[in-house]
Amino acid sequence: MSLIDILLIGAITAAVAAALVSIKKQRKSGKCCCGDCSACHAACKDEKSSP
Amino acid sequence: MSTLKEIKTGQTVKVDRLNGEGALRQHFLDMGIIPGTEVTITKFAPMGDPMELTLHGYELTLRLADAELIEVTPVSAKQAAEEKKATKKKSEHPGLGEGGKFHPKGSGVPLPDGTILTFALVGNQNSGKTTLFNRLTGSKQHVGNFPGVTVDRKDGAIKGHPNTNITDLPGIYSMSPYTSEEIVSRNFVLNEKPHAIINIVDANNIERNLYLTMQLIELNIPMVVAVNMMDELTANGGSIDFNEMENMLGVPVVPISAAKNQGVDELVEHAIHVAYYQEAPVIHDFCEKDKNGGAVHRCLHAISHLIEDHAEKAGLPVQFAASKIAEGDPLIVKQLALDTDEETFVEHIVRQMEKERSLDRSAAIADMRFAYIMKLCGETVIKPHESKEHVRSRRIDKFLTGKYTAIPAFIAIMGLVFWLTFNVIGAWLQGLLEDGIGWVTDVTDAALTRAHVNDAIHSLIIDGIFAGVGSVLSFLPIIVILFLFLSLLEDSGYIARVAFVMDKLLRKIGLSGRSIVPLLIGFGCTVPAVMATRTLPSERDRKMTILLTPFMSCTAKLPIYAFFVSAFFPGKGGLVMTGLYLLGILVGILAAILYKSTLFRGEAVPFVMELPNYRMPGMKNTTQLLWEKAKDFLQRAFTVILIATIAIWFMQSFDLRLALVDNPEDSILASIARIAAPLMAPAGLGDWRICVSLVSGFIAKESVVSTLKILFSGDVAAFMSPLTAASLLVFSLLYTPCVAAIASIRREYGRKWAAIVVVWQTGIAWIAAALIHFIGTLIGA
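Note that the protein sequences, when read in sequence, are chains F and U.
All the letters of the first sequence, read from the start, carry residue numbers 0 to 50 under numbering that gives the first Met the number 0.
All the letters of the second sequence, read from the start, carry residue numbers 0 to 780 under numbering that gives the first Met the number 0.
Possibly wrong hints are sitting among the right ones.
What the hints assert, rightly or not - Facing chain U, from chain F, some residues (calculated, C-beta under 8 Å):
(1) 0
(2) 3
(3) 4
(4) 7
(5) 8
(6) 11
(7) 14
(8) 15
(9) 18
(10) 22
Said to hold, decoys possible - Example chain U residues on the side facing chain F (calculated, C-beta under 10 Å, incomplete):
(11) 451
(12) 456
(13) 645
No wet-lab data here; the hints were simulated from the structure.
This one's a predicted model, so the numbers in the text were calculated from it and none came from an experiment.
Where a beta carbon is used, it is the ideal one built from N, C-alpha and C, also for glycine.
Modelling step: build the complete structure from the supplied sequences, incorporating the hints.
Quick look at the structure:
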């Protein structure tokens with residue numbers, strides 16, 4: 000395995016980790032339910048406000 | 000005596016009596032339909048029902064069945080034209096909320112330093128709350144021209160005042176909860192006790208808006224009234240004596256134009272002042288002693304004394320609790336926990352008031368409020384002549400809601416939107432993007448080959464990530480363009496008309512015209528569509544609409560359709576797409592008919608809503624929406640889709656012993672999918688690769704395409720017949736919504752129903768796909 004292979008694997012791993020962190024952040028903040036907030040006329044769900 | 004139902008277009012009548020009972024009757028009263036009110040019939044929907052009427056200077060829609068509950072007598076044209084003009088007199092500025100009125104400037108008893116000042120932004124639907132919220136906080140919430148755009152609260156600090164928190168609440172007409180979003184607002188104000196209320200009032204609909212203002216004042220919470228859209232009022236020759244209005248309401252009143260950012264700084268100063276010094280309204284009693292023999296006045300004051308201790312214990316303002324008890328609000332009655340003697344005493348007081356006033360309890364209280372509002376407006380408001388926006392709206396409505404033109408216009412508009420999106424603008428932009436992605440893939444492929452990158456890593460990058468993420472990315476233009484059109488239609492005010500026009504038709508399948516909005520949003524994304532059902536006033540309508548939204552084909556399925564159209568049905572894109580959308584609607588209608596006669600027996604709730612004026616969609620609002628849509632789509636492509644494509648690539652490149660495979664049929668994926676394949680065989684979808692792509696579609700619908708591209712090495716047409724493609728298209732159209740949509744259904748409806756939706760939708764999809772396959776095989780397709 001060459002240096003370029005190792006660098007590419009590193010870059011892909013970093014991209015996957017960043018994607019996972021981003022998904023987790025969105026879920027945790029409660030700001031976004033589906034990653035599709037702009038579509039949402041109702042904006043985003045706030046658990047506290049459920050009637 | 001006749002009922003409102005029998006009145007013809009253009010006739011003006013006076014309300015004599017309002018029959019019916021419960022929350023709906025209270026809602027009618029809150030909207031101003033009280034005995035003595037003059038009502039003019041503006042028009043009927045194309046199918047003769049519902050009707051639109053004008054009262055207190057605004058338009059309201061009502062079904063004929065509900066109009067039958069309102070007894071009326073005709074009013075002569077001369078009588079109707081008589082209008083009390085405000086007398087122009089010079090009033091002193093009361094200076095409320097400015098320092099100097101309740102205490103010398105600079106003194107007073109402020110809240111402790113460091114207190115976070117909390118504000119509730121409360122107002123009628125479509126009064127400009129979200130526009131003001133965006134101005135105050137600098138945030139970018141979506142603003143619409145449809146009553147009920149905000150269905151959830153949103154928080155933010157006022158710009159330049161970090162120690163503040165303002166909450167934008169869904170629009171409400173009164174403090175009597177009628178819909179679930181109204182309950183959100185009412186509960187927030189009553190339970191979370193903000194330091195102050197900013198009540199936004201539409202200057203062009205001031206009578207109806209002030210009804211809520213008066214109820215908010217009864218709460219005895221520091222408050223500022225922001226009279227919005229003053230620019231429109233003055234441009235049409237109207238004016239308001241703000242000093243006198245402030246005097247008569249006992250709270251600061253500030254003229255603003257949230258859209259033009261006029262008066263907002265002054266509003267912030269007043270709001271912070273009243274919150275910081277806890278300056279409660281000066282007046283919170285609008286029952287006049289001499290009005291109608293003082294019956295309501297005596298009733299409310301007697302009840303106030305009687306329930307004072309209970310109200311304090313329950314944490315409710317006495318004046319508010321008294322008027323609610325007088326109205327007969329069951330939630331407040333329960334909260335006060337009166338003992339039997341007290342309850343009997345209250346009932347006797349109310350009965351005496353009803354006798355003296357010759358009106359029932361709720362009508363008498365609504366009349367007391369509206370009487371004060373009419374007096375206030377008579378003394379302070381010079382009504383504008385008909386606004387040019389309204390004249391324009393009337394002209395446009397002659398065509399868009401006309402008897403013979405409304406439905407053809409709706410079909411033509413929606414057809415034009417889909418044609419422009421899928422055949423013209425969107426398709427052209429998609430072609431450009433595809434070329435760009437293809438070029439980047441070729442360049443990367445060549446560079447990796449030159450650098451002698453390991454074959455597995457090379458395959459992961461080109462066949463996995465580039466093929467998967469790239470194929471999804473190319474659909475960005477189509478999705479953005481479709482949302483552009485939907486947003487333009489909503490911002491212009493047309494969607495509200497669609498609800499009006501479609502009400503009678505939707506009622507046949509057990510829904511109300513208001514359900515059209517969540518259903519149309521469902522063509523964008525099921526998640527917001529499910530949430531938008533909160534604007535529906537009844538639990539029955541909400542649940543039924545939630546169950547029907549998955550039948551509306553969402554934009555995430557577009558990549559699947561477009562992919563198969565280009566591979567199997569070139570040149571017939573418009574036809575196939577329209578056919579799929581119509582099939583979704585048709586199956587939805589059949590499901591609705593089934594639900595109506597099984598799960599949801601009974602009638603849809605009354606259709607009471609207002610039609611806003613047509614407006615030019617704001618450039619800023621639209622661009623911002625499109626940018627956020629594009630941003631979210633890109634974010635999704637590089638997060639969920641990226642991970643899904645890598646996982647799929649991994650599972651199809653390795654076997655169970657984690658050794659690289661030459662033939663994907665030996666892969667982990669193939670081993671798992673073979674278990675499900677026989678089940679899908681009757682629908683013609685028995686290929687393990689198709690099963691895998693459909694399972695990945697549960698995570699995100701776009702994944703179906705990326706997975707197929709990876710598994711079929713880009714050339715699907717070589718491995719699949721057009722019949723299988725048709726079957727797969729129908730299955731994709733109808734099968735379970737994605738995990739995000741299921742999660743939102745679970746939140747609104749519960750775990751059990753979310754699971755039922757998954758099984759039910761997949762079952763329907765299987766039956767429909769099997770039918771297609773069976774018929775296709777029979778005719779030898």
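Going through the hints against the structure:
1. Interface hint at residue 0 of chain F: satisfied, since its Cβ lies 6 Å from the closest Cβ of chain U, which is below the 8 Å cut-off.
2. A least Cβ separation of about 5 Å between residue 3 of chain F and chain U falls short of the 8 Å threshold, and the interface hint therefore holds.
3. Taking 8 Å as the C-beta cut-off, the interface hint given for residue 4 of chain F holds, the closest approach to chain U being about 5 Å.
4. Contact between residue 7 of chain F and chain U, as hinted, is supported at the beta carbon level, the nearest pair being about 5 Å apart and thus within 8 Å.
5. For residue 8 of chain F, the interface hint holds, the least distance from its beta-carbon to any beta-carbon of chain U being 7 Å, beneath 8 Å.
6. Taking 8 Å as the C-beta contact cut-off toward chain U, the hint placing residue 11 of chain F at the interface holds, the least distance being around 7 Å.
7. Interface restraint check: residue 14 of chain F against chain U, minimum CB-CB distance 7 Å, threshold 8 Å, status holds.
8. Hint status for residue 15 of chain F: holds, given a least beta-carbon distance of 6 Å to chain U, under 8 Å.
9. At a threshold of 8 Å, the smallest CB-CB gap from residue 18 of chain F to chain U is about 4 Å, leaving the interface hint in force.
10. Checking residue 22 of chain F against chain U by beta carbon gives a least distance of about 5 Å; that is within 8 Å, so the hint holds.
11. Below 10 Å, beta-carbon pairs count as interface contacts, and residue 451 of chain U has one with chain F at about 7 Å; its hint therefore holds.
12. The restraint placing residue 456 of chain U at the interface with chain F holds, with a minimum CB-CB distance near 5 Å, inside the 10 Å limit.
13. The beta carbon of residue 645 of chain U is positioned within 10 Å of a beta carbon in chain F (closest approach about 6 Å), and the interface hint is therefore held.
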